[in-house]
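Listed in order, the protein sequences are those of chains G, F, E and Y. Per this note's numbering, the first sequence starts with residue 117, numbered consecutively. Per this note's numbering, the second sequence starts with residue 687, numbered consecutively. Per this note's numbering, the third sequence starts with residue 64, numbered consecutively. Per this note's numbering, the fourth sequence starts with residue 55, numbered consecutively.
Please keep in mind that the hints were generated in silico from the structure rather than gathered at the bench. Errors might be hidden in some of the hints.
Said to hold, decoys possible - Straight-line Cα separation of at most 16 Å, EDC-like style, residue types lysine to aspartate or glutamate; simulated pairs:
id: 1; chain 1: Y; residue 1: K86; chain 2: F; residue 2: D811
id: 2; chain 1: Y; residue 1: K108; chain 2: G; residue 2: D226
id: 3; chain 1: Y; residue 1: K133; chain 2: Y; residue 2: E79
id: 4; chain 1: G; residue 1: K265; chain 2: E; residue 2: E199
Residue-level listing of the chains:
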Amino acid sequence: MQITRRKLLRLGSALSVLCITAGSALFRTGSAWASDIWNKNAFSAKAVDEVLKAFGGTHAQPSSEITLTVPEIAENGAVVPVIIESKLLNTRAIHILVEKNPFALSATFDIPPGTDPYIGARIKIGSTSNVYALVRTDSGFFITQKEVKVTLGGCGG
Amino acid sequence: MVYFSKRCAMAILLAWGAVAPLSAAEAVADPLSQYREMLGGDNPADLWVSRGEALWTEPRGPRKATLVQCDLGLGAGVVKGAYARLPRYFSETGAVEDLESRLVSCMVQFQGFKREEILASRFGDGERHSSDLEALVAYVVTASKGERMAVPQNTSQEKRAYSMGKAIFFYRAGTHDFSCATCHSADNKRIRLQALPNLTTPTGAQAAYTTWPAYRVSQGEFRTMEWRLNDCFRQQRLPDLKYGSPAAIALTEYLARNANGAVLAAPAIKR
Amino acid sequence: MHSRRHPIRNAILVIVGFVALAGEVGAADLVAPSVQKTLEASFSAKGQATLARLAQDKTQGLCTHYATSPIPAKVVTEITAMGFATIKYPADGEYLGDWQRGEQIAQSGLGKQSSDDVEKPAGGNCYACHELTKAEIAHGNLGPSLYHYGKLHGDNDVVKKYTWGKIYNAEAFTACSSMPRFGHKGILTAAQMKDLMSLLFDPRSPVNQ
Amino acid sequence: MSYPMKIRATLSGDKVEVKALIAHEMETGFRKDTAGTLVPAHYIQLVTIQCNGKSVLSAQWGPSVSKNPFLTFRFSGAKKGEKLNITWQDNLGETRSDEVAIT
C-alpha cells in the first residue's frame, strides 16, 4: 500500500514537470492540480530520512561537491537566506531541509537542462538547527549540512 | 565652561584613539554581519513600493481624486527628494509635519478620506498586514533613496520642534525608568545581539535615520518611522504614541535633523 | 557599566557640578511644563499602560534634568538615599530560589508593556543587557558581564544582600543607573528575585559553570 | 487578491539571472494571532517559471518558506527582450502569473 502510493507520487512528481511545461492554461484550471502534484508525503515528513524516502531514495551520500551557504547566526528565524550550488554531474533536483522544523522539508526545485544547479531562497527556521542541501542526480542522492544558530532578538517583547 | 571644553577635548582624544582599533574589532565581533550581507539588496519592501506608486496615481476615496495635488514640501505632486527634506513647516496647516502626517492631511484634503478611519488602520492590523498608508510611505521614501538628508530649520516652529524632540529623547518615565537615551546615547552598545545606534551623535543618527523605513523581517511587513517610534515607546512601557502627534513629529525632527548630510539608504531590511 | 559614568570621572563631575550649580532644584520644576504638556497631548492610554506612566517620580525627574550634564554630588546622595530607603529584604531571610526558573525570568522580556497580559508574570530581560552564561550567545552589553558572578564574588551574606538590593533598586548604588528598579517598581515579585539570585549564586547554575 | 511580483531577469554573458520577490503570507498554520486564534495555513505550493513557453525552473514549497518569498537562479538559452513568466499556486487554490522582459 505504502510502496504503491510512493511510486505513484514519484510518478506524479516526474509528471508534474511535464504537466507544467505543457502549458499554464492546464495548470491554472483549478486547485486540483496543486494538490495532485505537490508531494504531500515529502512535505509532511518529520525527519530528514523520511523526506529522502518520500523522494524514493534510500541513502544520501555526503558530498563536498555541494556548496551550502547559510549564515552562522540568523538575526531572525523568520527569514534565513540559503544558497545552494551543486557541482555534481546531472543534478536534477535540489531540496532544502531543516532538521528541527515541524516538517523537515522546506522547498524542492526541479532543475531542467539549461538551468544552473544553483538556487537562492529564504526559509523559516524555528530554532537553532542543521540545514541540509539534498541533491538528486542521475546517480542518486547526495547531501551536505550546516548549522544555523537562531537567536532571540531586540528588546525581547 | 572650563569643564566642558576639557571634557570635549578628552572626548575627541579618546575618539581619535579609539576609532581605528574599534572598527576593526567590530567587524570581527559583529556576528550578524554575514546574515545581513546575505539578505543584501533583495528587499521585499520593493513589493510595497509598487503598491504605493499605484495608490499615489489612482483616483481614490470619496472624491475619486489622486494624490498628485499633494504638496510634500517641494511643490504639488513632487515626490522625488521630498522625504530627504522632511519634517518641515507647512504654512497652510500651521504645523511642522513629517511625511506620514502630511500624507494623512493630503488623503483627507484631496481624496475626502476620514482622518479617524485612516488612523484606525495606520499600521494595518498592527501585526501582519501593512496599510495603504504604509505602502504610500514606501513609494515616497524610495523616491529619495540616494539623496542627501537636508532637513530645513528656517522657521521658529521647526526649531521649537527640534528642542522639544531633544527634551523628549532624554525624558525618563514609566515602570522601567527608560528614556530613548537609555539605549541610544552610547557607542558600541547592543541589546541582545542588535547594535544600538548612538542617536546623540551625527554618525549614529545618520546610520539609523537613513535606514528607516524598513522591511521588518520578524513581521514580514514594511514599517515606517512612526511605527518605529511607537514601538520604541511600547517597549519603554509608556502608553500609545499617537500617530502624527506633536511628540512623534518633534522626535522625528530631532533625529532627521541630526542625520543631515547623510545619504538616504531607506527602505532598508531589518530584523 | 551600570553607571553612566566612570567613578573617577564622576568625582570630577561632582566638583565641577558644585561650582556650576547656583541653587537647589526642586522635583516639581525639573522638566519644562511645555514638555509635560506635549507628552500628555501625544499619548493615549493602551492596555495596562495608562497616561499616569508619563508622570515622573522624583528620581526620574532628577535623572532627566541631569541627563546631559553632570549630576551634583548632593543630588547623587539624594537619589541613592531615596533608593536605599525603598529596599525591602526577604522577610524570611532567605535570598535563594530556583536557578532554572531564574534562567527563564532572565530570558523573558515581557511584562508591563501596553501589549502584555497583566495576568502573566513579567520577565527580568537580564540577557538584553548582560552576559550571564556561555550557552546564550544573544546577550547585550549595556550592563557588565555577570558570567561566573557567584564564583567570583563568593557565597556570603554581604554579597547576597548587596545583590538583592541592586536588583530591588539599582538607584541605591548608582544614581541614574540604566537598570530598572525591579523590586521597587513592582516589576518582579520577591519570589522571582530569589530565582534570579539563584541563577547568579547557585554553583549548579550555568552562570557559574 | 494578490499583489504583483517583483521580477528581474538580467542577461549577462549567455546566462539569465532571475531574482523574484513574491507577495504572499506563507502562513504556517501554527501561528496564533493577537487574539490567540490559530491562523489557518496559507502558502504557495507550486511555482513554475517559463521562458518562451519552456520551463526553466519548477519548485514545490512548504509552509516554512519565508513570508514574501525571494528566489534567485540562473539559466541559459534566452535573449534580451524575451519574456519570462512566473506562476504560483497556493494551498487554497489561489494563483497568480506575472511576466517581465529579459533586460
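inquiry  = So, against the hints stated earlier in the document, which numbers end up violated here?
reply    = Violated hint: only 3; rest satisfied.
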